[in-house]
Amino acid sequence: MAVGLEHFLILSAVLFSIGLYGALAKRNAVVILMCIEIMLNAVNIAMVAFSRYGHLLTGQVFAIFIMVVAAAEVVVGLALVIAIYRSRETVDVERIDLMKW
Amino acid sequence: MPEVALAIFLLPIFSFVVISLIIRPFLNKRPQLSWYVTIASIGASLILSLWMLVEVIKAPGHVLPMPDYQWLVIGDTSIHLGVMADSLAAVMLIVVTVVSLVVQIYSRGYMHGDPGYCRYFAFMSLFTGSMLGLVLADNLLFLFVFWELVGLCSYLLIGFWFHRPEAARAATKAFIVTRIGDFGFLAAILFLYAKTGTFDIGELQHLALVGAIGGTALTWAAIGIFSGAVGKSAQFPLHTWLPDAMEGPTPVSALIHAATMVAAGVFLVARLFPMIASSYEAIMTVAIIGGFTAIFAATMGMVMNDFKRILAYSTISQLGYMMLGLGVVGVGVARGAVALEVGLALGVAVGIFHLFNHAFFKALLFFGAGSASHATGTFDIREMGGLRKAMPWTFATFLIGSLSIVGIWPLAGFWGKEQILSQAWHYAPILFYLAMITVFMTAFYMFRLLFLAFGGEYRGGAHVSLRESPAVMIVPMVLLAILSVVSGWLPISEFLGGESHSFFGALASPMAWASLLLAALGILLAYAIYSKKWISAESMRRRFAPLYTIVSRKYWFDELYENVFVVRILVDGIFALFHWFDDHIVDGMVNGIAGGTIAAGREIRRLQTGQLQAYGLAIFIGILAIIAFFMIFG
Numbered sequence: 001m002a003v004g005l006e007h008f009l010i011l012s013a014v015l016f017s018i019g020l021y022g023a024l025a026k027r028n029a030v031v032i033l034m035c036i037e038i039m040l041n042a043v044n045i046a047m048v049a050f051s052r053y054g055h056l057l058t059g060q061v062f063a064i065f066i067m068v069v070a071a072a073e074v075v076v077g078l079a080l081v082i083a084i085y086r087s088r089e090t091v092d093v094e095r096i097d098l099m100k101w
Numbered sequence: 001m002p003e004v005a006l007a008i009f010l011l012p013i014f015s016f017v018v019i020s021l022i023i024r025p026f027l028n029k030r031p032q033l034s035w036y037v038t039i040a041s042i043g044a045s046l047i048l049s050l051w052m053l054v055e056v057i058k059a060p061g062h063v064l065p066m067p068d069y070q071w072l073v074i075g076d077t078s079i080h081l082g083v084m085a086d087s088l089a090a091v092m093l094i095v096v097t098v099v100s101l102v103v104q105i106y107s108r109g110y111m112h113g114d115p116g117y118c119r120y121f122a123f124m125s126l127f128t129g130s131m132l133g134l135v136l137a138d139n140l141l142f143l144f145v146f147w148e149l150v151g152l153c154s155y156l157l158i159g160f161w162f163h164r165p166e167a168a169r170a171a172t173k174a175f176i177v178t179r180i181g182d183f184g185f186l187a188a189i190l191f192l193y194a195k196t197g198t199f200d201i202g203e204l205q206h207l208a209l210v211g212a213i214g215g216t217a218l219t220w221a222a223i224g225i226f227s228g229a230v231g232k233s234a235q236f237p238l239h240t241w242l243p244d245a246m247e248g249p250t251p252v253s254a255l256i257h258a259a260t261m262v263a264a265g266v267f268l269v270a271r272l273f274p275m276i277a278s279s280y281e282a283i284m285t286v287a288i289i290g291g292f293t294a295i296f297a298a299t300m301g302m303v304m305n306d307f308k309r310i311l312a313y314s315t316i317s318q319l320g321y322m323m324l325g326l327g328v329v330g331v332g333v334a335r336g337a338v339a340l341e342v343g344l345a346l347g348v349a350v351g352i353f354h355l356f357n358h359a360f361f362k363a364l365l366f367f368g369a370g371s372a373s374h375a376t377g378t379f380d381i382r383e384m385g386g387l388r389k390a391m392p393w394t395f396a397t398f399l400i401g402s403l404s405i406v407g408i409w410p411l412a413g414f415w416g417k418e419q420i421l422s423q424a425w426h427y428a429p430i431l432f433y434l435a436m437i438t439v440f441m442t443a444f445y446m447f448r449l450l451f452l453a454f455g456g457e458y459r460g461g462a463h464v465s466l467r468e469s470p471a472v473m474i475v476p477m478v479l480l481a482i483l484s485v486v487s488g489w490l491p492i493s494e495f496l497g498g499e500s501h502s503f504f505g506a507l508a509s510p511m512a513w514a515s516l517l518l519a520a521l522g523i524l525l526a527y528a529i530y531s532k533k534w535i536s537a538e539s540m541r542r543r544f545a546p547l548y549t550i551v552s553r554k555y556w557f558d559e560l561y562e563n564v565f566v567v568r569i570l571v572d573g574i575f576a577l578f579h580w581f582d583d584h585i586v587d588g589m590v591n592g593i594a595g596g597t598i599a600a601g602r603e604i605r606r607l608q609t610g611q612l613q614a615y616g617l618a619i620f621i622g623i624l625a626i627i628a629f630f631m632i633f634g
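First to last, the protein sequences are chains A and B. Numbering follows this note's numbering, with no gaps: position 16 of the first sequence is 16. Numbering follows this note's numbering, with no gaps: position 616 of the second sequence is 616.
Okay, chain A solo, but in the shape it has when bound:
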């Protein structure tokens, strides 16, 4: 069985869905950040796959950009989580509801 574009896209979709579920359903902020990374990487897989089968380098270039942004985002996100933990002794997102009316 030859591996084609659709296998990569299905993998990408499955990873994205897992990530989305985790981001919406998990209560631990660190886990949520990790799930967001999974979603970003699912997108990266799709990008690279398109690049490979479409004979265009744009997708790979974008994948590298996304990795850079994701790294920066994780840095900021973890810093925020640590800051919140220090002030509120928890990283449970259901208890971080400062935006509530």
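Treat the hints with care, as some may be off.
In the SDA-like style, the derived pairs of lysine to any residue whose C-alpha atoms are separated by at most 25 Å in a straight line are [what the hints assert, rightly or not]:
1. B:LYS532 to B:ILE437
2. A:LYS26 to B:TYR433
3. A:LYS26 to B:GLY610
4. A:LYS26 to B:LYS195
5. B:LYS554 to B:ILE408
6. A:LYS26 to B:SER78
7. B:LYS532 to B:PRO429
8. A:LYS26 to B:LEU612
9. B:LYS195 to B:LEU46
FYI, nobody ran anything at the bench for these hints, they're computed from the structure.
Here the structure of chain A is known, so what remains is to put chain B in place on it, guided by the hints.
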């Protein structure tokens, strides 16, 4: 030379501007200047009016052609303003300028030393200018503007001593009561404009005569216009303001509330006479209101104790006569009893001829009142008496004025009254008998006033030393006394297109003798009661106690209007309803919208949980919905 006609009314208005903008703020130390400016402007107006009278007499058909000025254009409607220079306007110009000039001279003595001297002459100038404009207007819109301006001046001058609460109240009352009539007038103007598309008086008259407007529409328009005249001329049922208006300075009463402004109502009916006389119902209303007001006001004049109020009721009664004169001839015209062209001119002549004579003798009588109160410090005739000896000039001129208003041959009042009576005899016999009774009453109340104020012994306090008024007041009185004798001899009636009268020929008719006899009886009765005291006034009063109460309380019209109309119907009824509507409907709508928004917000904000994940879920579902939408419909 149309500019001259414009100058007639613009000069006094210019004088008002000069006094109020230059003399009052910068030269207040020399208030006499305002008197000079007023006299100069009104004198110039008088000369120009005389010139215009001469021109109108020379002109064919007694009408001077005058150009129109386009005033404003709205869409495809253009409104023209112009001057109407016909015999009616020319006669009215003479009345207004002569009486105004004489009143201004008299005012110099009467208002001497008053702190509001400049203000007084500023208002008087404005009034004279507005009144002249009203007389000259050829257009209902223009006429209405001046109509309201004279009403404003009347308000300002009745309330001239506004620090006195009665004066302030009287001014407000005069303003509001006349405004009720003016509402009808304005409605009629707008109605006519909607029907015909013109404000021009000449055109409207023409349209009414050829029947382009007619039937019920014309009747309502004519009655609306007449309601304006009823308010201005203090006719029943809007008569209540004029006696109270006597709170103003006496020269104001003489000029505005006797000779000119109150006569504007009669002038208005005369000006639109062809239109009003085209509707039988409307002109019958004019005649009935006029005839009824004449006798109704006279009854109240018989029992008043205030010098000026007696004269005020007498003015209302005489204005009723003028309306009656216009009305009965109009009834004749509407019935076809008299040829149209002849009848229209005759009606105007009958009404305006009496107006012309009345202006002079009534101003004179008010001057007498002013002079008497100048000496005694009161207007209550019970505290006067014996002024004949102390004030011979005032007495002599007042006697001439009284004889004139009573209608004694050959004084001015006789001629006008005679014409009105003879026309009433022809066309409305019932009103004729009312008018004859009024002749008797007029004689009685005028001579009651005369005997009480001037005859007998002085009944006021001893501290007042009675002195004749200064020459600046006496000279105008003498001038008016001369006019009160001779004004009836002038051929005003013929000039306006009415009947001529011969000096001795008038005595040939039995009606003249009947009215003279009634007048003599009235004088005799007053003499018997108030001079010789053959009959005690007190016992008369007791015998007719219920009648006396009704009349002296002015038929409770003030109470009716104030307690019933104003308090019960307006304040408790309509205004309360409006208040409720405002509170519950208008405010309720605003409050309801605000309350609904707040309540909705209180519920909807529960969606904002502050849970980032819930928001994320919402975004996700939203994206899915959009995608699904495009998959299905895109």
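Each hint, compared with the structure:
1. B:LYS532 to B:ILE437: With Cα atoms ~24 Å apart, B:LYS532 and B:ILE437 stay inside 25 Å; holds.
2. A:LYS26 to B:TYR433: Given pair A:LYS26, B:TYR433 is violated - Cα atoms ~110 Å apart, limit 25 Å.
3. A:LYS26 to B:GLY610: Judged against 25 Å, a Cα distance of about 16 Å means the pair holds.
4. A:LYS26 to B:LYS195: violated (81 Å)
5. B:LYS554 to B:ILE408: Measuring from Cα to Cα gives roughly 28 Å; hence the hint is violated.
6. A:LYS26 to B:SER78: violated (80 Å)
7. B:LYS532 to B:PRO429: violated (36 Å)
8. A:LYS26 to B:LEU612: Roughly 11 Å separates the two Cα atoms, so the pair holds.
9. B:LYS195 to B:LEU46: violated (38 Å)
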